[in-house]
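Enquirer: In order, the protein sequences belong to chains A and B. Under numbering that gives the first Met the number 0, residues 0 to 587 are what the first sequence spells out, in order. Under numbering that gives the first Met the number 0, residues 0 to 587 are what the second sequence spells out, in order.
To be clear, the hints were calculated from the coordinates, so they are not data collected in a lab. Since no wrong hints were added, every one of them can be taken at face value.
Derived pair list, reagent style EDC-like, types lysine to aspartate or glutamate, alpha-carbon separation capped at 16 Å:
#1 Lys-3/A - Asp-248/B
#2 Lys-149/B - Asp-159/A
#3 Lys-3/A - Asp-246/B
#4 Lys-259/A - Asp-269/A
#5 Lys-504/A - Asp-466/A
#6 Lys-379/B - Asp-391/B
#7 Lys-473/B - Asp-434/B
#8 Lys-149/A - Asp-159/B
#9 Lys-525/A - Glu-108/B
#10 Lys-525/B - Glu-108/A
On a predicted model such as this, the values are computed, not experimentally measured, just so you know.
Protein chains: 2
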Amino acid sequence: MQFKTRTHTCGELRESNIGESVVLNGWVDTRRDLGGLTFIEIRDRYGVTQIVFEPQFNEEAHNLAKDLRSEFVISVEGIVRKRPEGTEHSVYPTGNIDVMVNKLIVLNEAKTPPFQIKADLDTSEDLRLKYRFLDLRRPNLQNNLMMRHKLAQTARQYFDENSFMEIETPVLMKSTPEGARDFLVPSRIHRGKFYALPQSPQTYKQILMVSGFDRYFQIVKCFRDEDLRADRQPEFTQIDLEMSFIDQDDIMGIVEGFMKRAYKEIWKKDLELPLLRLTYATAMEKYGSDKPDLRFGLEMKTLNHVFQNTAFKVFQDQVQKKGIITGMVAPGCGDYTRNQLDGLTDFAKKAGAGGLIWMRVKEDGLEAPIAKFLTPDELKNIVSELDAKTGDLVFILTGPKDKTLSIMGTLRLEMARRLELIKKDAPPKLLWVTDFPLFEWDEETKRYYAMHHMFTSPNHDDIPLLDTDIASVKARAYDLVLNGSEVGGGSIRIHDSALQSKIFKTLGITDEEAEYRFGFLTNAFKYGAPPHGGFAFGFDRLVMIFAGENSIREVMAFPKTASGISLMDEAPSTVDETQLRELHIKIR
Amino acid sequence: MQFKTRTHTCGELRESNIGESVVLNGWVDTRRDLGGLTFIEIRDRYGVTQIVFEPQFNEEAHNLAKDLRSEFVISVEGIVRKRPEGTEHSVYPTGNIDVMVNKLIVLNEAKTPPFQIKADLDTSEDLRLKYRFLDLRRPNLQNNLMMRHKLAQTARQYFDENSFMEIETPVLMKSTPEGARDFLVPSRIHRGKFYALPQSPQTYKQILMVSGFDRYFQIVKCFRDEDLRADRQPEFTQIDLEMSFIDQDDIMGIVEGFMKRAYKEIWKKDLELPLLRLTYATAMEKYGSDKPDLRFGLEMKTLNHVFQNTAFKVFQDQVQKKGIITGMVAPGCGDYTRNQLDGLTDFAKKAGAGGLIWMRVKEDGLEAPIAKFLTPDELKNIVSELDAKTGDLVFILTGPKDKTLSIMGTLRLEMARRLELIKKDAPPKLLWVTDFPLFEWDEETKRYYAMHHMFTSPNHDDIPLLDTDIASVKARAYDLVLNGSEVGGGSIRIHDSALQSKIFKTLGITDEEAEYRFGFLTNAFKYGAPPHGGFAFGFDRLVMIFAGENSIREVMAFPKTASGISLMDEAPSTVDETQLRELHIKIR
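Kindly produce the complete structure, drawing on both the sequences and the hints.
Expert: Right under this line is the structure:
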């Protein structure tokens, strides 16, 4: 196919080009026939330009243009002219000109697409994913991926400027599962042995600190073979970093600096630093979440002190058991119907609550089914503690602390949704959550797990508690929360092999197992490991929020479905028996 | 561990800092005790600074310093002073100062390393790989990885400036093996199905062109499950790019622009453009290689025309069979002993030759075992055609064309080695090799394979030859060669689904197989595929050459051995039976 390559992109021509002879290459976007003329909008990723086929101007091109259909790929030569008065199109930057075509070459034809190539598309996501090559022509996906590119380059520039080195860590690594499942890769050369794909480059980046690289970063693919929930993908991307000879504030400062840069580049906004920091305990008490959304109020309040001497059995029990009584006001919801209140009670129960206590705030006090069990003072104190106003609705939940706070946190989000408290143009809210517990108890397996990961350092002063009260050991860990989503997290790591062994033991990992799985790391620590710590951004989610999207699939070029299928190429797929034989495996 | 974080790196202090109170963090590099004083060089990735422990200055620190050993991690506070006259050390940028220590904190101790942390190291590579965390502290590896970082950032900046978008393509993709074996990843959710790790993002980047992204690049990990040769790794990194609406010159121009930038950034050299272009045919005839090393001469010359009417049977045969007779001069080697010549004959035989014809150039003509079979004119013409001088040695090889030229090419490299023709400071030689054959014949499997890959476009004018003489179809393919290594290659792709189907058929791929393996791509081509083409750099090899190293393992943080093992963490490893059960596979 011989054709002239473009002199300009389809987003480039302006009035200053009028009279020039130009070549454009692109796709047929829309077509209109009008009074013997054919108007076509030709599109590429830079924009759209109107081209005109006029029989008097060039008959051959005009005749050829008759066959043009949507999504044909064409090359045109023509002359830029000012559009006739009244036909300008101010939406496009190219809207004041068009191109009179004197030569048309069809570079490729196109079948009729299964959906239109336009921003607002009402079709199933499955169809979009199957024809991802067409879906990706839509302006919103093009913009999202351009923004993703920009954010990645911004990150690289920023970390490079701050003396970070990008170092590639292996994709084929050792299987050390903890928490999520590893994806495995059978070895052909070593029968019965497997590589694993990294859940994160955690161990390698710590090794790089032992090696003295000091400031490492990487934008890197990670893999988790989990049952996929709505917003998870089997492969995802992290901006991963690690620093030596630092404390927590140094890392938080570097991360904040990046976010300031990103706000400026992407949102054209100034981010004020330093960011708000909430401890995990405060975030849970006030927002029922370790990733609180602060774009709206609806603060929760702990009411235990109000019921210190209550006669109401339900509250009395929790006060004694060191459970929690937490309250929240839904402003102006005092007129909710019984039906609405039942709905919210169901919502709370689905979230795990035994029940939901509600109270209508009236001129003369609280109206509620449980009011009769409480003293007038208690009722008065509820109102004053929660700063509830006439016409408001009060929710109270009680039970084991973290679980109950979480449920109220879920209800808080639900009420924000119902009351439309998050405006589309609400300023983004970015904050730190700090001082996480080092361990969390798992009811199902009846054991403690590392809340962040096993390499997280306990607070220095809490180390003695490892032997006496491990639930209250705090971690030197910190999460970055944007608009109620965790966009990243990190910690100061253990750099002492004895302390690391103690943590393994606390987690019920035997010496042999620890040696087999992490021996290379604890061994490395014996040869001069510096104090170090790091951070990792969930890059897909960060891009998603910057793009204002609700799904990470909208900011990935080729995402998979919830069951891990690529609908476009139908991976995973069956493979030849000979391939399996070479890998020494068979299917069972 | 409470410690002060550094005020300066270990490479930062100068005479202008004299008198300042500073904090340094780093590793104990060397230690000298002298007249009651202890001198230590403290090291980090930025450099080395001498610190001094003097009992009169600070007795406590001096006492503590007694226990310091190599590779201990320390934090010191002290005062910068001018070194006493005569003790300056001009090799280090910090050599005019040292730091009088008044406080020492040992951040971590270190066992004695199994080898010294220094540039010149005489130990086995296996030991270095096992203790890679220590090996990586050595200045050469630190410099190599810093350079790799710099080259990667340079690439990203360059391609970003040229409107390329970095778009991440999937690591978990569909298995479409051709040539090398895929690494497979069993699916847990879909029993009996497998993902494959990409051998390259080829199909995805072509899809991105169909989607209109126009200019794509990515620095990306690729995977090949091959039997590893010396300089291969199961995972390696490519700088991958693809462009639409372009011709071959556009792509070559973009690639040349990057190389010019890289020369400047890394080597501080100006690269003159445009680069030399050799066709595959010329490169083979003159250098016996499709990746010729032009840092030295030793050009080969085809002598068929000299022997057009020869009576010498061996040459006569090849002239008739359209084989080749190729000659090369080894300057000044006319005095090679019979022993040396036998050695070279063996060398040629090992490379696949039937034998090696040699001739000594004397004042009065050629002295050679085969001289008696040739006419005086033929002998004279050999000398004049090859421009051989008295005292030179002439080699002649004859046989099937490409094979024979390759063997002479191997001999050419061997002679360059023996004659030390490549000086250490020889200017690097970068060139293009173009006009490759589209297909190459494989003797073993008795079929044609795509020389580059199946998506490479034939020369437009050669398309009719696909039906008549496929061996002579040329590809729109081009390789970039630096100092005799292929550092990258690319091609204009087929963007027409009918032509693509024809190529599949030519390669013996049935319609069903093509549909199953590449249906998504050929299908995408039916919806408006633009003309496009691309290129991929072998990033590891490029960095290796820029670093002046002989192995890509010297420019990768965590390479694997020739049998694919990571000696540091012992991947691949055995995994739990439960993991295999979940993946529906068992070992056989």
